[in-house]
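Enquirer: Following the hints, complete the assembly by docking chain E onto the known chain B.
Protein chains in written order, with the working numbering: chain B, -12 to 338; chain E, 4 to 308.
In case anyone wonders, no lab produced these hints; they're calculated from the structure. The C-beta atom is built at its ideal place from N, Cα and C for all residues, glycine as well. Careful, some of the hints might be misleading.
Unchecked claim - Derived coverage of chain B by chain E (criterion: at least 3 residues anywhere in the stretch with Cβ under 8 Å from a Cβ of chain E; other residues may be distant):
1) 10 to 24
2) 57 to 65
3) 151 to 163
4) 186 to 196
5) 315 to 327
As the list claims (entries may be wrong) - Pair by pair, the computed Cβ-Cβ distance ranges are:
6) E/GLY165 to B/GLU88: 26 to 34 Å
7) E/GLY49 to B/GLY74: 48 to 56 Å
8) E/THR196 to B/LEU133: 38 to 46 Å
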Amino acid sequence: MSEPLAVSPLARLAKSLIGIAVSLLFTFVGLLFVTFIIARIVPIDPVLSILGDRATDAQIAAERLRLGLDEPMWKQFGIYVWQALQGDFGVSIRTREPVIEEIARFFPATLELATLATLFGVALGVPAGVLAATKPGSWADQIVRLVGLMGYSMPVFWLGLMGLLLFYGVLGWVGGPGRLDAAFDMMFEFEVTAHTGMILIDTALAGRWDMFANAVSHIVLPAGLLGYLSMAYISRMTRSFMMNELGQEYITTARVKGMPESRVIWVHAMRNVMVPLITVVALSYASLLEGAVLTETIFGWPGLGSYITDALMANNMPAVMGGTIVVGMVYIGLNLLSDILYKLVDPRART
Amino acid sequence: MSAGMSQITTWLRDPNPTSRRQARLGQAYMAWLRMRRNPLAMVGLGIVAVLMIMAAFAPWLAPHDPITQDLSNRLHPPFTPGHILGTDDFGRDILSRILYGSRITLFIIGLVAVTAPVFGLAVGTVAGYFGGWTDEILMRITDIFLAFPKLILALALVAVLGPGMENAILAIAITSWPPYARVARAETLTVRTSDYIAAVRLQGAGPVRIILGHVMPMCLPSVIIRVTLDMAGVILIAAGLGFLGLGVQPPLPEWGAMISAGRKYLFEQWWVATMPGLAIFIVSLGFNLLGDGLRDVLDPRSAGR
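The shape of chain B in the complex, shown without the other chains:
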């Protein structure tokens, strides 16, 4: 009974941090185990794919030794985990570059797209969900519900194609595939330093506003479409959380005191809605990384999704597995982040 009192807050914090670290490590090793198993059942011989089929027997034997393929399975897995912990996911078969360096080059484009899309999704989804929750059953509620369900049901690659057809092909309002017009592409390569790899930030830092405007016209469509998908999810969840809060007694008290309804909703109820909403936003951010795989192939966007699919087509297994692990890690990281934020926002979760 008295045990919780005996533990000091510091020790409890340390204990929860260690718990988080252990479960993180466990999940990470599990993730690697799955990709390891997948990579081992590939019918492609890794040695042949590196050396080509003209290699001599001596070369093959040397390469097998170098890759550690003669070791027992558990030892191979140990080496694999050790290398992965150091950020070594092997060498891309096509370019002979380390996979991690290639991923570092491709990742910012995806990050930029997913971040912008999440901003769209939150900016539209939260007010829509609140509107639907305050007037349940109204036409506004029905529209929010239907728009949300449509977002759930739309194949993202088809939505991308339709968006390109309408806004680029027919109306000409936005730039087409790629991050910049072809004319700017070369200029960007030579005249702008890639500080972050995110095109909007880099062009703004360089003061090239003409290029910035062009980049905006290219990113607005893919980010808008992904933003719609995340809005679908966020508005639905916001509605459900908000309805839950509005039924509570403290809301009635606030209303009885004569508080303006907008303050009741946006200050009193919103503070409590925020808590579960953080998890939802983190999850939708993570799922956008996934949606980005198909969207990027449609929009010729040089991000992680394009990287993985291109590598798939070229049977470049180290690149596919490296990309898969990175996406999995971002997933785990976002889940962890939302857990921590949850604890910061909700005092009840701290104890």
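Expert: Frame of chain B; chain E shown alone:
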């Protein structure tokens, strides 16, 4: 309403059922009445029914052969006589291909629906029933699979297994079981200490018998709701794999692969990519609407949300 019909409904509505079957059918009838009041759910049910009819009667409904090429009739626009949705780059009637494609879609979701939930149910009920280390280990494994984004894991699996319908189905099933395990475990935890389980155990039933006969049935309603809601996602992932050329291979009329084929002609012959996408959209919307309605009907906790 005829006399026989009203007799049946009276029998179904009888507040004092005389047999277990009457009670069950009565419950189902009441659920049906509740669902009938939800117009969107009925729309969803209608869409799913149409999909099944399309798949069953494709050879009779389709005006043309879905595979045979007819290069003299390439890329006709919609509403061309004989080709109401137009033709594709090989002169094949798009409507016929969509009709036959419904068979592939239904086959994929059918196989996923009978494999992934069963596996997830087994893992979840075993973990929940035994608890302790069994629970810890099984749920950790589940968490690892949940840590992967579904599509990316499916991509990686198909990449090593090789493209094709069977491998796509296998990959989707492997990526979709964890949520069912979670749901089943949660339900199991609520029933495993209940008196009726204790009674069965006192009668000498072993764990296998208890789990199969007395725990799993309690998990079924929530799993069924999940399955219906998940079917839309399965359709989208299958179409995504087809679109990337990793799922069902041409010339089979899979909807995702058809969109991919129409991509080359997007700006001039828009209908080639648009029509199969509409089919995917409508069918997954149907499953979403139906699943939403089913949840309201079968799961009183979330009703009205």
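Enquirer: Next, verify each hint and record whether it holds.
Expert: How the hints compare with the structure:
1. Check on the segment 10 to 24 of chain B: 7 of its residues sit with their Cβ under 8 Å from a Cβ of chain E, so the three-residue criterion for coverage holds.
2. Interface restraint, the segment 57 to 65 of chain B with chain E: violated (0 residues with C-beta to C-beta distance below 8 Å; minimum three).
3. Restraint check on the segment 151 to 163 of chain B versus chain E: 3 residues with Cβ-Cβ distances below 8 Å, three needed, restraint holds.
4. Counting residues of the segment 186 to 196 of chain B whose C-beta lies closer than 8 Å to any C-beta of chain E gives 0; at least three are required, and the coverage claim is violated.
5. Check result for the segment 315 to 327 of chain B against chain E: holds, 4 residues qualifying (beta carbon to beta carbon below 8 Å, three or more required).
6. Taking 26 to 34 Å as the suggested C-beta distance range, the pair E/GLY165 and B/GLU88 conforms, at roughly 29 Å.
7. Between E/GLY49 and B/GLY74, the C-beta spacing of about 53 Å keeps the proposed range 48 to 56 Å intact.
8. One distance hint, 38 to 46 Å for the beta-carbon pair E/THR196 and B/LEU133, holds here, with the actual separation near 42 Å.
Hint violations for this structure: numbers 2, 4, all remaining hints satisfied.
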